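**Q** Here is how the chains run, residue by residue.
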Amino acid sequence: MTAHLAIADLVKHFGGVVATDHVTLDFPPGSLTAVIGPNGAGKSTLFNLITGRIRPDGGRVLLDGTDIAGWSETAIVARGIGRAFQIASLFPSFTVAESLAAAILAHRRQTHRMLARFPLAAARGRADEVMHLVGLDAHADRLAQHLSHGDQKLLDIALALALDPGVLLLDEPTAGMGRDERWQIIETVHRLWSARRMTMIFIEHDMDIVFKIAQSVRVLKFGRVLAEGTPAEIRDNDEVIAAYLGTRYAKAAP
Amino acid sequence: MRATSREALLALLACAVTLLLAAALGSKPLIDTLMRLAIFGLYAVSLNILVGYTGLVSFGHAMFFGFGAYAFGLLMQTGMTSLPAAALASLALSAVLALVVGALCIRLADIYFSFLTLAFQMLLHAVILSWVGLTGGDQGLQGGIPRPRFLGINLADPWQVFVVTMVAFFASLLAIRTILQSPFGYALRMVRDNAPRAAALGLPVQRYKLAAFVIAGLFGALAGILMALYVSGAYPNFAFWTLSGEGMFMIMLGGIGVFLGPVLGAAIFLLLNDTVTRFTEYNGMVMGVVLLVVVLGLRQGLLDVVMARLRPR
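Note that the protein sequences, when read in sequence, are chains A and B.
FYI, in this note's numbering the residues of the first sequence are 1 to 254.
FYI, in this note's numbering the residues of the second sequence are 1 to 313.
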């Protein structure tokens, strides 16, 4: 499943601060896009607006042509926008297998069933599939709270993936990880995208990762779109170099 | 065998053994103790649906215990309904009360939720005390609760009340257990563990909180109805905040994370309370010290500790 996400003229104020300032962006179906920018640029706010966690003050969020701006978070996720968090957001007392089965049942609206036994066979089958996809099979029966940091991030992504979303938003999938772990997780992410071709958008601070896997890049600063283009174009963009990258990534440097 | 049918068998067996044991021994004090244990055990388990499984710390749960008892007693006193009909009607009214109070309370988070439930309970308690014409005020329901025969069952007979209470107790435990092990029960755990994440996965969190509140209220009211049957009356302290506090005490004593923890907690609480009051009127102080030791010493309930030891990592 894949979907077309487009944002038009999106605005969000927090008191006097403009967190999202008339942002217009397009994410074609099956694309893999990195969102970068300095701290406070409004990257996470953008995700919160897309997923309905906070309501925009103006503008449109179009999912396959339907304006979902202002919809509730549950309605939007039901429509096929999944999300993983910067700090892994899990159910600590659930095992890995239970977490995924519960996510699947919630998404399929089967959690109202009071007489059936958790997990239903269908949910368990799909949970196994997703565990295999992200490589958490070996930890199926471990509690989420006992997983390593990297595996917790993987489980967080797996929870979103379990919903088979058309659009998957990853908020710093490699945050707080060592170098080797980072590449491991980013390879997994890239493999998922290659296999499923959902529309994937990720926020990332590690420019090596961004330039390695992203098809295209959007740069935010002070809530505005500073630049967009292919990794190569972004690397050579003088404004981006001045505002964020520094000269390290400029073509002339290495 | 499937887990659900195994639990049903277990409940049936436990019920049969309890009844046979009581019949064989025929001891009035034993029967009285078991009655109270069943009533307060069910009450504590119903509160733990909220506290232990949904993460909603209600300070006002006795509101449903008291409301169930009064609604049932008043309906029976009209002489117009049969006993099962009065019990069912009281449960339906309790569900409506839980729906209204719950809808207002679950909007608030954490401590504000707790205190609003407490406020509603105190409101109910105040109504019971001041509406003397209906409730008998601080004297409790006047003239006892009539218990006419139905289907050949005579609940004026202590043994028959005992049998009915035990059957209701074990059937309720089985029902609550089934609900908590269902997809619905795991949705409640999701809300408890991480409500924002549950919402991000598409779970309508508020609706599940409300459903948990109503189900807990229903079983709390059932415990109140059984209590009214047992003592043939209803008293304002059924709806007083101390009973809500005692429910929390039982849960914390027995174990918040194990299904039968609150039943064990209720047993220890009742035995301890009965024993201590025989020696001193300062029973509150003794109970307080016990709670302190459990909370500070074990940092969880007794069954929680046992299960943590048994469970492999």
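It should be emphasised that the hints constitute simulated quantities derived from the structure, not laboratory data.
Computed from a predicted model, the values in this text were never measured in an experiment.
The C-beta atom is built at its ideal place from N, Cα and C for all residues, glycine as well.
One should not assume that every hint holds.
Computed beta-carbon distance windows for the label pairs [stated by the list, open to error]:
(1) B:T277 with A:D137: 38 to 44 Å
(2) B:A92 with A:A122: 51 to 57 Å
(3) A:G30 with B:A103: 41 to 47 Å
(4) B:L260 with A:T24: 57 to 63 Å
**Q** Now, for every hint given, state plainly whether the structure supports it.
**A** These are the hints, each one checked on the structure:
1. At about 57 Å, the beta-carbon gap between T277 of chain B and D137 of chain A misses the expected band of 38 to 44 Å.
2. Remark: the range hint 51 to 57 Å for A92 of chain B to A122 of chain A is contradicted by a beta-carbon distance near 35 Å.
3. At about 43 Å, the CB distance of G30 of chain A to A103 of chain B agrees with the hint of 41 to 47 Å.
4. Between L260 of chain B and T24 of chain A the beta carbon distance is about 58 Å. The supplied range of 57 to 63 Å therefore holds.
Hints 1 and 2, counting from the list given before, are not met by this structure.
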